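Assemble the complex: chain A is given as a structure, and chains B, C and D must be docked to it using the hints.
Protein chains: 4
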Amino acid sequence: MDTTQPLRVGFLGYRFMGAAHANALARLPMFFPDVPAVERSVLVGRDEPALAAAADRLGFGHTSTEWRDALDDVDVFYVLGPNHLHAEPAIAALEAGVPVLCEKPLGRTLTEAERMAAAAAEATVPAACGFNYRFVPAIQHAKRLVDAGELGEIRHVRARYLQDWLVDPDAPWSWRCDADRAGSGALGDLGAHSIDLVRYLVGDRVGGIAQLSGQLRTFVDDRPAREGDERRPVTVDDAYSAQVTFDGGALGTFEASRAATGHTNDHTVEIDGSDGSVRFSLERLNELEVLTGDGRGYETVLVTDDTDPYGDHWWPPGHVLGWEHPVVHENAAFLAAVGGAEPAAAAPSALPDFEDGLATQRVLDAIERSDERGERVTV
Amino acid sequence: MDTTQPLRVGFLGYRFMGAAHANALARLPMFFPDVPAVERSVLVGRDEPALAAAADRLGFGHTSTEWRDALDDVDVFYVLGPNHLHAEPAIAALEAGVPVLCEKPLGRTLTEAERMAAAAAEATVPAACGFNYRFVPAIQHAKRLVDAGELGEIRHVRARYLQDWLVDPDAPWSWRCDADRAGSGALGDLGAHSIDLVRYLVGDRVGGIAQLSGQLRTFVDDRPAREGDERRPVTVDDAYSAQVTFDGGALGTFEASRAATGHTNDHTVEIDGSDGSVRFSLERLNELEVLTGDGRGYETVLVTDDTDPYGDHWWPPGHVLGWEHPVVHENAAFLAAVGGAEPAAAAPSALPDFEDGLATQRVLDAIERSDERGERVTV
Amino acid sequence: MDTTQPLRVGFLGYRFMGAAHANALARLPMFFPDVPAVERSVLVGRDEPALAAAADRLGFGHTSTEWRDALDDVDVFYVLGPNHLHAEPAIAALEAGVPVLCEKPLGRTLTEAERMAAAAAEATVPAACGFNYRFVPAIQHAKRLVDAGELGEIRHVRARYLQDWLVDPDAPWSWRCDADRAGSGALGDLGAHSIDLVRYLVGDRVGGIAQLSGQLRTFVDDRPAREGDERRPVTVDDAYSAQVTFDGGALGTFEASRAATGHTNDHTVEIDGSDGSVRFSLERLNELEVLTGDGRGYETVLVTDDTDPYGDHWWPPGHVLGWEHPVVHENAAFLAAVGGAEPAAAAPSALPDFEDGLATQRVLDAIERSDERGERVTV
Amino acid sequence: MDTTQPLRVGFLGYRFMGAAHANALARLPMFFPDVPAVERSVLVGRDEPALAAAADRLGFGHTSTEWRDALDDVDVFYVLGPNHLHAEPAIAALEAGVPVLCEKPLGRTLTEAERMAAAAAEATVPAACGFNYRFVPAIQHAKRLVDAGELGEIRHVRARYLQDWLVDPDAPWSWRCDADRAGSGALGDLGAHSIDLVRYLVGDRVGGIAQLSGQLRTFVDDRPAREGDERRPVTVDDAYSAQVTFDGGALGTFEASRAATGHTNDHTVEIDGSDGSVRFSLERLNELEVLTGDGRGYETVLVTDDTDPYGDHWWPPGHVLGWEHPVVHENAAFLAAVGGAEPAAAAPSALPDFEDGLATQRVLDAIERSDERGERVTV
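Residue numbers (UniProt numbering), protein chains in the order written: chain A, 1 to 379; chain B, 1 to 379; chain C, 1 to 379; chain D, 1 to 379.
Chain A extracted, bound-state conformation (with noise of 0.2 Å):
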């Protein structure tokens, strides 16, 4: 790849993921100086003047309808619309050797990640998965406490995601209510990146997940559509949870909802260990409660500091990062891959790929076979 010149970027999919990653990109230089320079190039899309209008804000030079076109027009390929549409592109992305950075859930079945994944494994080039939580600079700190076991032996995890946008039976239906689409609902959507977010905080602790008991809830069975008087059918689920056992004999319990009422964005992940606990909360993303050692209590870190992760690039010591900065963190390391490099930031193999993709999407398939059969299954 010529580095000289900046990477031409395509993007598939112009909405809330589109707009993040885009903004990413053009905040890299004056943070990320070190990262591989980007030049966002094509926009792909369906509707064309949204498309055309999205390019414009997004600082895209150039839009298409056809994202196979697109491909032959760049060097790295984002795959950030619906989830079914993950598959195809981000297969044919890698057999054309474009490196892929592609949403989570990698796909909306266990075969379509599978498929995924073998593509990824045949292709030369990096790709990720988009699991940007990896990246919060607290979540790190956290894996920097459980790697240098402070923590001592994992006993107990918690995970959640809790959202109330869908609490409303009367919240507008979109593509996230869709099976055909989305595959599943806040459990492809949210429960994906808890899934993720504690394989990778103590997967090399707690082992595996031996098998689990997982359960779907549908609380609003259908929902008008964003235009005229019609309600479509609600096809996935509001709410999950799951009951699983490691193989290092941990406990875990994880959940997500779409309508938890008082949780807008409240993705908690709690880890106590024999020696420590650690507890962290997305709305709070700034902060890491922290028991180590002979503490007493937990203790609130504000994970800010020059010597934290990332501190080094953003402000002064408190002065807050956001929810877009992990994906700005997420992009540096993804197009330092991209580069050939690991970016000094990051911590060892943050950035995920698609194998940590489809042993998520392994995790979410056991959930559903779980679901349908009323009995516990291993993973």
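Please note that a few of the clues may not be correct.
Heads up, the list lumps identical chains together, so a pair's fine if it works in one copy or across two of them.
Think about it this way: if two alpha-carbon atoms lie no more than 25 Å apart in a straight line, the pair counts; the simulated SDA-like pairs of lysine to any residue are [to be verified]:
1. Lys143 with Ser274
2. Lys143 with Arg181
3. Lys143 with His319
4. Lys143 with Asp168
If you are wondering where the hints come from, they were derived from the structure by calculation, not from laboratory data.
Computed from a predicted model, the values in this text were never measured in an experiment.
Below, chains B, C and D alone, put in the same frame as chain A:
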């Protein structure tokens, strides 16, 4: 019953719960003067010197090493010893027409609990089970909100009771580590509280627990005896978790541990409904976090006003209560029932009886069965 | 003093603080058995029916409408009435050789307090002033940290005591609104606590208050009488603030209000030193937030362990105490002093005496002078 | 002004605030597309290698070591250097008809600020002062509540800004420790923010500050130079406090410190009114604690909804913002004013101008005078 004379009360057990109930009885005249008067009459135990010292301290006039004898001389009997000393004394008391307050879990096994509940059903005197947390003012406030429909349809229930006193592998062995005496570990000791509290708060709304998946864990296999060099086997669980399905469709997760670093006595209950949510933690027992109506976030309500449950019995607003006060409320409710009345301050049917104890024991039993079989079970 | 017989205790006052101390005395035998035994002997008041009812409820054997008479028949005397009934009874008791516990503020004015302290200086019996918050376990824990030098050089002291019961302009008038009876309002009622607590915690380290700027405010000028249609003038402050300079150079800010919406009984003390900091709030009185040594953020310590102050007198760790427990500790310390001993559990010199009451009154007086003159004053 | 071409922007200063504003300008096109377009044109500084590196990183096309020269080639000028480089460049720019955004405190002294405000008064272009915290969404939300009368009559105002970076006596000396360059220490650096924020939020309601008592403290007298073995004198305050009287009778306390152990960047503002209260802390800048109407306790509102201030410009609800986002809002408001419009998203008159900077400087000056004279002063 002759209510012109104080009720003669007998206690079997004089350690933690013995002291807690003795303290409660001592405080009733000043704060609940309408409750029938009692005399701490006879304290039953086996270790005579310790028993005599306890009787002196706890204000009992007599001691006895034979609970059967004591039953002849009391109007009310409290069963407060280790769990293997619940069933027989409680049943004998009820058969003798003596009202009983028995600590939780009701029995060591479902069979014991069934026998006890059968005895209570045949008796004409009150038989109460010591689920003291029902009597926390913040819990009563939550109950009022649930009953008034302020939370709407209940969708998520989470309850966990985390302690850390057995994190240390050299924390000493006690009867609470022994299956013969305790039945189970964290499950019966802590989980019983959670299960009852959820039943009490939302049982009418979510229905019973249709089925569940349960897990038990023992992290430390033996512990040093309090005296000597011996290590004794731990034959109960250090922790459990349960994923439950309520008849009405709500999702529930339960967990308890005696090995959760960072949590001293953290009994947390969270209920999310379609219209509102509440959160409670025992470590901050004067507070209830409430979201109802047009609220956007949790409001931290200090449940100490005159108009709050039990508020007019104690101190001015903001002068907080401690762990022991709900035990006073519990005793007020029990003795009022013994005296034939419901105290005005108590919520309807707050007083848990042996049927409640049995209902919880069915869930404990199902969790144990599920763990043994490695599969989901019906309750 | 004959210690083979219970000490006969007389109380002047039977409302809030009368009940609080009566409760404390009732609880000592069970939880502080080494403290000299007492008999609640005579309750003094003016309204005979109310007095009789209170004596019955609070467990006093006798009543009297003449405090002078009562002094003849008691071994210990508690002065718990409105502030205008502090000086004379306390002085008379001390002159009669009867130990006294007098509620705070010591007097209505500096002159009264000086007379009282002079009487105490000449007496050979203990004269305690009711600064009960010294006896909160978390405060004792903070004191230990300060005394051990864990906070280093003290630089910032903040104390505020916020209540909201007089926010409503139609909250009824009471003696606490009347300068003749109360001396001052929030200043003497709440500020006295803060000033004493800061003196107790860091007085040895920061020195006395060299000078200060004080302000008083009355937000509501008259209030309805409890009975009838009359409105009575409010002649005391609803709130005060003070900016103080300690001899040692630390900066201090004090504030109290009875009209602070959102704060029921929020007595917050914060101390920042060169090596560490502590924070405390009475609404969460079991907790101390601590930062020492290499800590990066505040650690929330639940001060309920066996090895914590008073921890071995009550319940297992995490079974939290309430507002009234420090009053029990206060009574234990006072009665131990009356009996000639310091209770083992108390920190050295925890028991505040009339000199302490006077020292605080000097600050109250200086704040009033500063407010009147509109200028800084020396204490 | 020709708005068909991007506005050419010049910056004097390229360290912390230079980077903060450069970042803000870079983000406007994507998130505030209606704001006039800008070009980062010229960066002014003295150290040529550092300047060149900064210009490269911050995206400026040119550099200059002479701010006077730069003024000829820009449409907008930002004064972001040390405080001794505020007055002259800002005045010169205004005299040249170039809109100015000058960081706070406006000047080192009241005299400087008066000269600057006079220049702004004569100019026909916007002159903004960098009180960025006005633009925090939670602060805007608080402003809406105050303006709607939801808090009633304001009675208590508390503002404090606590940092800890100068706790360590060996933290290096910088211009911020030098009276000649900075004017004052914590007072001007941090206190200026608090004073402006209180003016902004409740100035209309509580009136001006009639008089005050101020104190300054320097805890560490000299500090090591960044290079070499020298220690340099600290000639500014490490901390200040002020007790203020508002014209309308409310009580106010202000405090700031760079030596407050346990507080990294804790700018806390609390306002208690007769009908409601709000609390804010910069370390949790997405949250506003609110009590209004029939509320009993503070409700924690995550101010990230679409309908919240600036909410529709960024991410979905609960995807929190960081410290830098209010600086983006500030730049949007400033550039909209430069372009002749008020951005729809901003509250009326949110943009602080030199009159606001001067009003705050009068208070800073009064605090210094009060400290010097040891007495209360009028502002």
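Results for each hint:
no. : hint               : verdict
1   : Lys143 with Ser274 : within (16 Å within a copy, 31 Å between copies)
2   : Lys143 with Arg181 : neither (34 Å within a copy, 41 Å between copies)
3   : Lys143 with His319 : both (22 Å within a copy, 22 Å between copies)
4   : Lys143 with Asp168 : between (37 Å within a copy, 24 Å between copies)
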